[in-house]
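Number of protein chains: 2
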Amino acid sequence: MPSLCRIKASGLKLQLCTNETQATREDFVRKLRGLGFDISVSEVTAPAPAACHLLRERGLRPHLLVHHDLVPEFAEIDKTNPNCVVLGDAAENFTYANLNEAFRLLIGMEKPVLISLGKGRYYKETDGLKLDVGAYMKALEYACDVQAEVVGKPAKSFFESALAELGVPPEQAIMIGDDIVSDVGGAQKCGMRALQVRTGKYR
Amino acid sequence: MPSLCRIKASGLKLQLCTNETQATREDFVRKLRGLGFDISVSEVTAPAPAACHLLRERGLRPHLLVHHDLVPEFAEIDKTNPNCVVLGDAAENFTYANLNEAFRLLIGMEKPVLISLGKGRYYKETDGLKLDVGAYMKALEYACDVQAEVVGKPAKSFFESALAELGVPPEQAIMIGDDIVSDVGGAQKCGMRALQVRTGKYR
Chain S
95 MPSLCRIKAS
105 GLKLQLCTNE
115 TQATREDFVR
125 KLRGLGFDIS
135 VSEVTAPAPA
145 ACHLLRERGL
155 RPHLLVHHDL
165 VPEFAEIDKT
175 NPNCVVLGDA
185 AENFTYANLN
195 EAFRLLIGME
205 KPVLISLGKG
215 RYYKETDGLK
225 LDVGAYMKAL
235 EYACDVQAEV
245 VGKPAKSFFE
255 SALAELGVPP
265 EQAIMIGDDI
275 VSDVGGAQKC
285 GMRALQVRTG
295 KYR
Chain B
95 MPSLCRIKAS
105 GLKLQLCTNE
115 TQATREDFVR
125 KLRGLGFDIS
135 VSEVTAPAPA
145 ACHLLRERGL
155 RPHLLVHHDL
165 VPEFAEIDKT
175 NPNCVVLGDA
185 AENFTYANLN
195 EAFRLLIGME
205 KPVLISLGKG
215 RYYKETDGLK
225 LDVGAYMKAL
235 EYACDVQAEV
245 VGKPAKSFFE
255 SALAELGVPP
265 EQAIMIGDDI
275 VSDVGGAQKC
285 GMRALQVRTG
295 KYR
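Protein chains in written order, with our numbering: chain S, 95 to 297; chain B, 95 to 297.
So that you can see chain S by itself, here it is in the shape it has in the complex:
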């Protein structure tokens, strides 16, 4: 928290890049503010808004297999007669029936379009490790013989939209994160420098 304050006080621009897909940006920011972080919604780049941008750009109407709490992010998106599937960390929504439903929609498309809000393998919660969205993405990729388009970190487009938000070119930005692939690798592929911190999930 002191680091965040110092960055903001120094006049440097700041954008949080998160792969959070179990809550809207609004809820995510509310949680951070509750913890004492002075952050606003416009300072957060997250996969769901990036997906909405992509959906609008390509005229795609998604079937959502995402967490309940993320659904409001797609409120403005036409979801009738779906022509793609958007996959997030759906947690309890990853039921046998819901996976079959998403699969049937995909396999029924002339050219299946699968958009994934991340490709994490697993994450840790208080009650133990959980399979992350990447595992379910692989299941659908294999069953439908299709390659998912990943819109969260480490996708290049994700970092580009964060840079656009900041209004700076990649060579003037630095990415700070604990994940060597999603944070550091993704940013470097985008032409940014990157710094790995030895906190969070760093081992």
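What the hints contain is simulated information worked out from the structure, not anything from laboratory work.
Possibly wrong hints are sitting among the right ones.
Cβ pair distances, simulated, as ranges [unchecked claim]: (1) S:ARG155 - B:LYS107: 28 to 34 Å; (2) B:ARG155 - S:SER136: 28 to 34 Å; (3) S:SER104 - B:THR174: 58 to 64 Å; (4) S:LEU129 - B:LYS250: 53 to 59 Å; (5) B:ARG150 - S:ARG152: 52 to 58 Å; (6) B:GLY285 - S:THR189: 26 to 32 Å; (7) S:ARG292 - B:PRO263: 57 to 63 Å; (8) B:SER251 - S:ARG155: 27 to 33 Å; (9) S:GLY128 - B:ASP239: 34 to 40 Å; (10) B:LYS125 - S:THR189: 24 to 30 Å.
Think about it this way: if two alpha-carbon atoms lie no more than 20 Å apart in a straight line, the pair counts; the simulated DMTMM-like pairs of lysine to aspartate or glutamate are [stated by the list, open to error]: (11) S:LYS224 - B:GLU137; (12) B:LYS224 - S:GLU204; (13) B:LYS218 - S:ASP239; (14) B:LYS224 - S:ASP239; (15) B:LYS224 - S:GLU235; (16) B:LYS218 - S:GLU195; (17) B:LYS218 - S:GLU235; (18) S:LYS250 - B:GLU195; (19) S:LYS218 - B:GLU137; (20) S:LYS218 - B:ASP239; (21) S:LYS283 - S:ASP272; (22) S:LYS224 - B:ASP239; (23) B:LYS102 - B:GLU151; (24) S:LYS205 - B:ASP239; (25) S:LYS224 - B:GLU204; (26) B:LYS224 - S:GLU195; (27) S:LYS218 - B:GLU204; (28) S:LYS283 - S:ASP273; (29) B:LYS218 - S:GLU204.
Derived, one-sided and incomplete: chain S residues facing chain B with beta-carbon distance under 7 Å [claimed, not checked]: (30) CYS99; (31) ASN194; (32) ARG198; (33) ARG215; (34) TYR216; (35) TYR217; (36) ASP221; (37) LEU223; (38) LYS224; (39) ALA229; (40) LYS232.
The C-beta atom is built at its ideal place from N, Cα and C for all residues, glycine as well.
Starting from the known structure of chain S, arrange chain B on it as the hints suggest.
Leaving out everything else, chain B in the frame of chain S:
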């Protein structure tokens, strides 16, 4: 059915090779006999008995993520303190909780061992297409960074055990099936000739 009768009447030896993992061999044979096929349990090679053979050979104690009706096949196998996961087409047992449980066991092993009773992508039931065991295998493979050992078709060991049952060398056997990969490809890799029939799932 007439073909089966003619093969048996001619004195040729016959072995059914199935990837069925939603029922024991006993139930499978009962179903076939009910349809008028003169088949006995010893004439059926199926993934679960092949898996049991492998488990015994290597002293592995499985955690089972399989269909309820398949569990009796593993009755004689020690399942205490599991040191591997056996994955079948678990159907309704493919819950979020059960997948996380299998994942946690695997990721907690020094060297995760994942045995899959098949690698089918999907299959058709009266109420539509369903994700098959292969999709869930890919999810666990990705999450645990491990490669599953497949014991059903098209595994070479599977055809070898069918040949052992018949007591004939591969060059004296012919495999007949509708699947170009599991049936024809698998048998050919084993040194057998193979014939694809244009029935069943053939398109």
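Now the hints, each set against the structure:
no., hint, in the structure
1, S:ARG155 - B:LYS107: 28 to 34 Å, "56 Å, violated"
2, B:ARG155 - S:SER136: 28 to 34 Å, "54 Å, violated"
3, S:SER104 - B:THR174: 58 to 64 Å, "59 Å, holds"
4, S:LEU129 - B:LYS250: 53 to 59 Å, "56 Å, holds"
5, B:ARG150 - S:ARG152: 52 to 58 Å, "54 Å, holds"
6, B:GLY285 - S:THR189: 26 to 32 Å, "43 Å, violated"
7, S:ARG292 - B:PRO263: 57 to 63 Å, "60 Å, holds"
8, B:SER251 - S:ARG155: 27 to 33 Å, "46 Å, violated"
9, S:GLY128 - B:ASP239: 34 to 40 Å, "36 Å, holds"
10, B:LYS125 - S:THR189: 24 to 30 Å, "28 Å, holds"
11, S:LYS224 - B:GLU137, "42 Å, violated"
12, B:LYS224 - S:GLU204, "18 Å, holds"
13, B:LYS218 - S:ASP239, "17 Å, holds"
14, B:LYS224 - S:ASP239, "15 Å, holds"
15, B:LYS224 - S:GLU235, "14 Å, holds"
16, B:LYS218 - S:GLU195, "13 Å, holds"
17, B:LYS218 - S:GLU235, "18 Å, holds"
18, S:LYS250 - B:GLU195, "33 Å, violated"
19, S:LYS218 - B:GLU137, "47 Å, violated"
20, S:LYS218 - B:ASP239, "17 Å, holds"
21, S:LYS283 - S:ASP272, "16 Å, holds"
22, S:LYS224 - B:ASP239, "15 Å, holds"
23, B:LYS102 - B:GLU151, "33 Å, violated"
24, S:LYS205 - B:ASP239, "29 Å, violated"
25, S:LYS224 - B:GLU204, "18 Å, holds"
26, B:LYS224 - S:GLU195, "9 Å, holds"
27, S:LYS218 - B:GLU204, "19 Å, holds"
28, S:LYS283 - S:ASP273, "14 Å, holds"
29, B:LYS218 - S:GLU204, "19 Å, holds"
30, CYS99, "37 Å, violated"
31, ASN194, "5 Å, holds"
32, ARG198, "5 Å, holds"
33, ARG215, "5 Å, holds"
34, TYR216, "5 Å, holds"
35, TYR217, "10 Å, violated"
36, ASP221, "9 Å, violated"
37, LEU223, "5 Å, holds"
38, LYS224, "5 Å, holds"
39, ALA229, "4 Å, holds"
40, LYS232, "4 Å, holds"
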